[in-house]
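Novice: As they're listed, the protein sequences go chains A and G.
Residue numbering for the first sequence follows the working numbering, starting at 174 and increasing by one per position.
Residue numbering for the second sequence follows the working numbering, starting at 179 and increasing by one per position.
Check each hint, because a few of them may be wrong.
Computed list of chain G residues with no C-beta within reach of chain A, every gap over 10 Å [to be verified]: (1) E192; (2) T203; (3) L221; (4) Q222; (5) L223; (6) N244; (7) K246; (8) D247; (9) Q258; (10) S275.
Below, in silico cross-link-like pairs of lysine-lysine (DSS-like), each with a Cα-Cα straight-line distance of 25 Å or less [unchecked claim]: (11) A:K274 <-> G:K234; (12) A:K274 <-> G:K248; (13) G:K234 <-> G:K246; (14) G:K245 <-> A:K274; (15) A:K186 <-> G:K246; (16) G:K214 <-> G:K245; (17) G:K245 <-> G:K234; (18) A:K274 <-> A:K230; (19) G:K234 <-> G:K214; (20) G:K248 <-> G:K214; (21) G:K248 <-> G:K234.
Only part of the chain G face toward chain A is listed, based on derived beta-carbon distances under 10 Å [claimed, not checked]: (22) F187; (23) S189; (24) G193; (25) Y209; (26) L274; (27) A278.
The hints are simulated quantities; they were obtained by calculation from the structure and are not laboratory data.
Here a beta-carbon is modelled for each residue, glycine too, at the ideal position from N, C-alpha and C.
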Amino acid sequence: KAGVTQTPRYLIKTRGQQVTLSCSPISGHRSVSWYQQTPGQGLQFLFEYFSETQRNKGNFPGRFSGRQFSNSRSEMNVSTLELGDSALYLCASSLGEGTEKLFFGSGTQLSVL
Amino acid sequence: GEDVEQSLFLSVREGDSSVINCTYTDSSSTYLYWYKQEPGAGLQLLTYIFSNMDMKQDQRLTVLLNKKDKHLSLRIADTQTGDSAIYFCAEWDYKLSFGAGTTVTVRA
Numbered sequence: 174k175a176g177v178t179q180t181p182r183y184l185i186k187t188r189g190q191q192v193t194l195s196c197s198p199i200s201g202h203r204s205v206s207w208y209q210q211t212p213g214q215g216l217q218f219l220f221e222y223f224s225e226t227q228r229n230k231g232n233f234p235g236r237f238s239g240r241q242f243s244n245s246r247s248e249m250n251v252s253t254l255e256l257g258d259s260a261l262y263l264c265a266s267s268l269g270e271g272t273e274k275l276f277f278g279s280g281t282q283l284s285v286l
Numbered sequence: 179g180e181d182v183e184q185s186l187f188l189s190v191r192e193g194d195s196s197v198i199n200c201t202y203t204d205s206s207s208t209y210l211y212w213y214k215q216e217p218g219a220g221l222q223l224l225t226y227i228f229s230n231m232d233m234k235q236d237q238r239l240t241v242l243l244n245k246k247d248k249h250l251s252l253r254i255a256d257t258q259t260g261d262s263a264i265y266f267c268a269e270w271d272y273k274l275s276f277g278a279g280t281t282v283t284v285r286a
């Protein structure tokens, strides 16, 4: 069974640009969550999508958004990039049924210059 | 469930046991997890325990839970060089709340 796939692996952007990251969950998993990892703040929850609907949201500004498609693949978008958005963005998939085991992808390393 | 705390560093000799400690704050029933992160990689789920359990063993890994003190530990038996990584404990409350991570260094 294939694991969680995130693309691209690395991204370099400049301030003010926008970026879209992609995540393909494990087959059969309906929930996709996104986390941001930085040296200063550690791992922080961005949002979770289940059956194409945002089910939970963390404390991030509206510049961070996401969506989920009918095949459970998810994208997250960051608009008007700031230097502080440089981070490893991790996607996790799970069945979404409450007894949660979250499986993470390798992440997308975003650098904002 | 926002305050999960871990010690930051652990150095252990190859072949010895490693014990990584964590405290959490959520008093409701929940799942508690241990993840491993190697350089340049994502998070690997190692094991998890439900908060009504005291202990869980999985091959070289033993998780101990002290509910009264809200203390969670991960013991790695016969630690190998491949165990060098950052270990995160996390608690579930509609999302994962992570500790800062414990960097484990295995020395020969």
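Novice: Evaluate each hint against the coordinates.
Specialist: Quick rundown of the hints versus the structure:
Listed as outside the interface, E192 of chain G is consistent with that label: its C-beta sits roughly 27 Å from the nearest C-beta of chain A, beyond the 10 Å cut-off. Its beta-carbon lying about 16 Å from the closest one in chain A, T203 of chain G satisfies the requirement of being farther than 10 Å from that chain. A beta-carbon of chain A comes within 10 Å of the beta-carbon of L221 of chain G; the shortest separation is about 4 Å. Taking the minimum C-beta to C-beta distance to chain A, about 7 Å, the non-interface status of Q222 of chain G is violated against the 10 Å cut.
Taking the minimum C-beta to C-beta distance to chain A, about 6 Å, the non-interface status of L223 of chain G is violated against the 10 Å cut. N244 of chain G, annotated as away from the interface, keeps every beta carbon of chain A farther than 10 Å; the closest lies near 22 Å. Every CB of chain A is more than 10 Å from the CB of K246 of chain G (nearest about 24 Å), matching its label as outside the interface. Interface exclusion of D247 of chain G from chain A stands, the closest Cβ pair being 23 Å apart, more than 10 Å.
Against chain A, the non-interface label of Q258 of chain G holds: every CB pair exceeds 10 Å, the least being about 22 Å. The beta carbon of S275 of chain G sits about 8 Å from the closest Cβ of chain A, which is not more than 10 Å, so the claim that it is off the interface is violated. Between K274 of chain A and K234 of chain G, the direct Cα distance comes to roughly 16 Å. Compliance with the 25 Å bound is thereby established for this hinted pair. Using a Cα cut-off of 25 Å, the hinted pair K274 of chain A and K248 of chain G holds, with the two alpha carbons roughly 21 Å apart.
About 17 Å separates the Cα atoms of K234 of chain G and K246 of chain G, which keeps this hinted pair within 25 Å; it holds. Distance check on the hinted pair: K245 of chain G and K274 of chain A sit about 21 Å apart at the alpha-carbon level, within 25 Å; holds. With a CA separation close to 48 Å, the supplied pair K186 of chain A and K246 of chain G exceeds the 25 Å bound. The suggested pairing of K214 of chain G with K245 of chain G holds, with an alpha-carbon distance near 23 Å, which does not exceed 25 Å.
At roughly 14 Å between alpha-carbon atoms, K245 of chain G and K234 of chain G fall within 25 Å of each other, so this suggested pair holds. Only pairs whose Cα atoms come within 25 Å are accepted, and K274 of chain A paired with K230 of chain A is accepted, the gap being roughly 18 Å. Distance check on the hinted pair: K234 of chain G and K214 of chain G sit about 17 Å apart at the alpha-carbon level, within 25 Å; holds. Note on K248 of chain G and K214 of chain G: the hinted pairing holds, with a Cα-Cα distance of about 21 Å set against a maximum of 25 Å.
For the proposed pair K248 of chain G and K234 of chain G, the alpha carbon gap of about 16 Å is at most 25 Å, so the pair holds. Hint status for F187 of chain G: violated, given a least beta-carbon distance of 15 Å to chain A, over 10 Å. Interface restraint check for S189 of chain G: the shortest CB-CB distance to chain A comes to about 21 Å, outside 10 Å, so the restraint is violated. The criterion of a C-beta within 10 Å of any C-beta in chain A is not met by G193 of chain G, whose closest approach is roughly 29 Å, and the hint is violated.
Residue-level restraint check for Y209 of chain G holds (minimum Cβ-Cβ distance to chain A is 6 Å; threshold 10 Å). With a least beta-carbon distance of about 6 Å to chain A, the hint placing L274 of chain G at the interface is held under the 10 Å criterion. Interface restraint check: A278 of chain G against chain A, minimum CB-CB distance 5 Å, threshold 10 Å, status holds.
In the structure shown, a violation is registered for the earlier hints numbered 3, 4, 5, 10, 15, 22, 23, 24, in ascending order.
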